[in-house]
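My request is simple: use the sequences and hints to build the entire structure.
Keeping their order, the protein sequence lines are chains D and B.
Everything in the first sequence is counted per UniProt numbering, starting at 1 for the first residue and increasing by one.
Everything in the second sequence is counted per UniProt numbering, starting at 1 for the first residue and increasing by one.
Think of the hints as simulated: they come from the structure by calculation, not from any bench.
Backbone N, C-alpha and C fix where the C-beta goes; we use that ideal spot for every residue, glycine too.
Careful, some of the hints might be misleading.
[As the list claims (entries may be wrong)] With the C-beta cut set under 8 Å, the calculated list includes, among others, these residues of chain B facing chain D:
#, residue
1, 39
2, 232
3, 234
4, 237
5, 243
6, 248
7, 354
8, 359
9, 360
10, 399
11, 441
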Amino acid sequence: MTFLRVIRKRLLFLLLVVFGVSLVTFVISHLIPGDPARLIAGPHASSAVVAHIRHQLGLDLPLWQQYARYVEELAHGNLGVSIRTGRPVAQDIAAFFPATLELVVTALLFAVLIGVPLGVASAVWRDRPIDHVARVLAVTGISAPAFWLGLVLIAVFYGHLGWFPGGGRISALMVPPRTITGFYLVDSLLEGNAAAFWSSLRHIALPAFTLGFVNVGIIARQIRSAMLDQLGEDYVRTARAGGLSRRRVILGHALPNALIPSVTVLGLAFGDLLYGAVLTETIFAWPGMGNYVVASIQALDFPAVMGFTLVVSFAYVLVNLAVDLAYLALDPRITEVG
Amino acid sequence: MTRRKWVRVLAVGLAVLSLAGVRAFAATPANVLVIGKAADPQTLDPDVTMDNNDWTVTYPAYQRLVRYETIGGKGSTQVVGQLARSWKVSKNKLTWTFELKSGERFADGSPVDASAVKFSFDRLLKLGKGPAEPFHNLASVMVIGPHTVRFRLKQPFAPFLYTLANDGAAIINPKVMVHQVNGDMAQGWLAEHTAGSGAYQLRSWQKGQSLIMTPNAHYAGPKPHFAEVVVKIVPDASARRLQLERGDLDIAENLPADQLNAIKKAGTPGVSVREYPSLKVTYLYLNNKRPPLDKVAVRRAIIDAVDARAIIAGILNGEGKPMGAPIPDGMWGYDPSLKPATRDVAKARVLLKEAGASDLKLRFDYSDADPNWATIALAVQANLADAGIAVKLENFANATYRDRLGKGDFDIAIGNWSPDFADPYMFMNYWFDSANGGLAGNRSFYANPEVDQLVRKAAVAATHAERLRLYRKAQRIAVQDAAYVYLFQKNSQIAMRKDVKGFVFNPMLEQIYNIAEMSKSH
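This is the structure we're talking about:
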């Protein structure tokens with residue numbers, strides 16, 4: 001069974017990745033000069049108070065012992081306690097990660113829904129106006145920095161027109177839906193709470209657009225070139241000659257084949273988006289991992305930074321696994337993936 | 001679909017969106033106050049947090065034995081009783097006995113009594129985190145009667161009463177101990193809940209999003225005006241400003257100078273920038289331990305060469321006051337006769353020549369912790385160049401920067417300081433006692449045995465007059481010794497909607513709002 005073998009291999013690989021990532025982040029974060037105990041003790045603390053806090057946090061142990069402790073906890077599924085917030089890191093991540101994931105997934109969905117048709121159209125009508133429009137969009141998307149685009153969108157659609165809210169995940173005066181999946185859009189629907197859904201939708205629109213915009217162009221260009229390759233293939237010509245309609249040839253035959261290489265682009269885009277979300281979240285006051293991890297880095301909150309890195313690398317490996325499985329499903333000729 | 005049809009669909013869609021928008025963007029209701037903050041609070045445990053950003057929530061949620069007095073509508077550094085009705089101090093200044101008011105209740109209805117006070121201070125000392133620092137002198141707390149509690153000090157400590165107005169001196173409901181996990185004294189629970197007797201309590205906290213506070217039904221004071229106080233987290237400064245201007249926020253915290261100036265210039269209707277003199281000072285550390293800065297004349301020359309007034313005018317847009325001595329205006333002990341230095345490059349050159357220190361090359365270290373520091377560093381570099389001192393600027397990550405400060409690995413460095421409690425002790429003993437060298441407070445590593453004597457005596461002296469005399473004398477010597485460059489005390493600027501009424505600024509309580517007394521008029 002190819003699927004099972006791929007999954008088994010990948011899960012083993014995942015363990016290695018987690019171990020490697022934990023070791024590297026641990027070493028790097030402890031090489032940064034500075035003392036988290038000092039930061040939380042306040043600017044006027046005496047060395048006695050700082051030493052007491054260091055001891056409480058176990059920061060006075062040798063580095064290898066601290067790492068051994070960390071790995072032992074990790075093996076029990078425990079990500080440790082945040083130095084900054086005093087809460088379990090897992091609990092903090094559970095609060096912030098769904099928001100980031102919802103934003104990233106929505107942005108990706110948006111990029112696919114616009115990017116794929118645009119790419120198909122610009123391949124089919126090559127060098128026609130639609131192709132030029134797509135090219136301009138792609139260049140703009142890649143060159144417009146997210147923070148700039150975000151600020152412009154806020155200034156226009158919130159500041160001037162007042163069509164969209166200025167930030168946040170849901171109206172501050174509204175009770176968020178009960179956590180089922182952690183996605184407000186999904187949870188409010190499951191709850192049958194139309195007002196919460198509408199508020200969440202309006203809140204996610206601008207940040208998801210900002211985040212997804214870069215990828216609209218990338219996906220459109222990728223689909224375009226893959227489509228052009230397919231359209232030049234013999235089977236397309238044969239199908240056309242056989243009397244199939246143009247639409248059926250393009251959408252029924254060429255597009256599915258063009259999608260296969262695009263899956264890789266999507267997987268890569270997902271990683272980019274996770275990283276790009278940090279800036280977008282700040283501008284749109286989106287309560288996700290981005291703000292959390294930046295604040296944690298500033299406070300030298302090692303457990304939080306490491307927990308974040310582990311969860312993101314986990315997500316990244318899982319997405320890659322999904323990409324490979326999609327390959328297998330899309331093209332039966334492929335029997336082995338790397 | 002034809003092209004015309006598309007246009008029609010688009011137009012209808014936009015119309016629907018804009019209609020929906022108009023409805024949702026009314027200003028905040030009159031009985032709700034919305035405060036826009038740059039960062040989420042970290043922990044709400046008053047015995048753990050050392051961050052004003054957290055105190056926005058904890059300070060109004062808890063009461064303390066004493067509070068800062070409002071005199072003539074203005075916040076002061078004097079204290080009056082809050083939970084305490086009266087207090088007595090023993091002749092040897094070692095025991096303080098407090099009588100509590102009756103009728104004060106925690107949010108769950110249980111009474112605030114002497115054992116709650118004892119519990120709170122025992123917990124504070126046991127945890128031993130940052131907020132315990134001012135109480136290092138506290139030996140024990142005893143319950144004398146249901147409403148009588150006694151504090152015993154190890155040594156006399158004159159500022160003791162003032163430390164009781166601190167956030168860390170909050171009186172916590174002893175019932176929180178039911179939430180204790182693994183002997184953590186309920187730290188996990190108190191990190192995200194409140195259990196005090198203040199006018200408001202935390203109702204909910206959507207992490208990274210908003211905190212909602214509602215009135216404490218058992219609060220003994222007058223009924224507060226707001227049914228809800230919402231603390232909204234808006235990390236981006238320009239977004240915060242925009243939300244204030246559109247009426248989605250009533251107060252926008254931490255706006256940088258350029259945004260505040262834009263608000264003032266634009267004159268957005270309904271928004272005002274309020275300015276208050278603060279006790280937050282910005283100064284330069286001169287490494288007294290390291291040659292050539294170990295010579296008074298060299299340090300003096302640097303002070304003479306720096307143009308603090310130009311820095312205030314050019315970098316702070318005039319929102320600051322020059323300083324001549326460590327104790328800022330507004331704190332008792334301030335000495336108006338110690339005038340800020342006037343720039344005198346010629347004198348600086350003479351001093352350097354006399355000290356045999358021409359062609360000096362010095363390093364100026366700073367970090368990005370304060371956005372003004374980089375610009376100030378550039379100004380100082382230019383100022384000192386005029387006096388023939390070449391300055392190399394070095395920018396570090398803040399954690400690294402603080403690490404180097406602690407080790408004394410710098411020539412010149414920059415810092416901000418604001419007092420934890422309203423007593424000149426916070427400046428004089430921290431900055432000048434040679435025992436506090438490094439991050440503990442004496443960042444210049446200044447050492448003068450006479451000043452050590454004076455400030456140590458002042459910390460325990462019996463009378464206010466005696467303390468004043470000792471601090472004034474120590475202050476004069478330290479200024480003569482040119483221990484630091486005193487740049488300015490900064491104005492605190494807060495952008496608010498004009499209909500927010502009753503806010504009293506206290507220089508000891510930055511980022512803290514007297515929400516129990518505030519209201520909104522339309």
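- Query: When the hints from earlier in the document are held up against this structure, which numbers fail?
  - Reply: The structure breaks hints 4, 7, 8 and 9; every other hint is satisfied.
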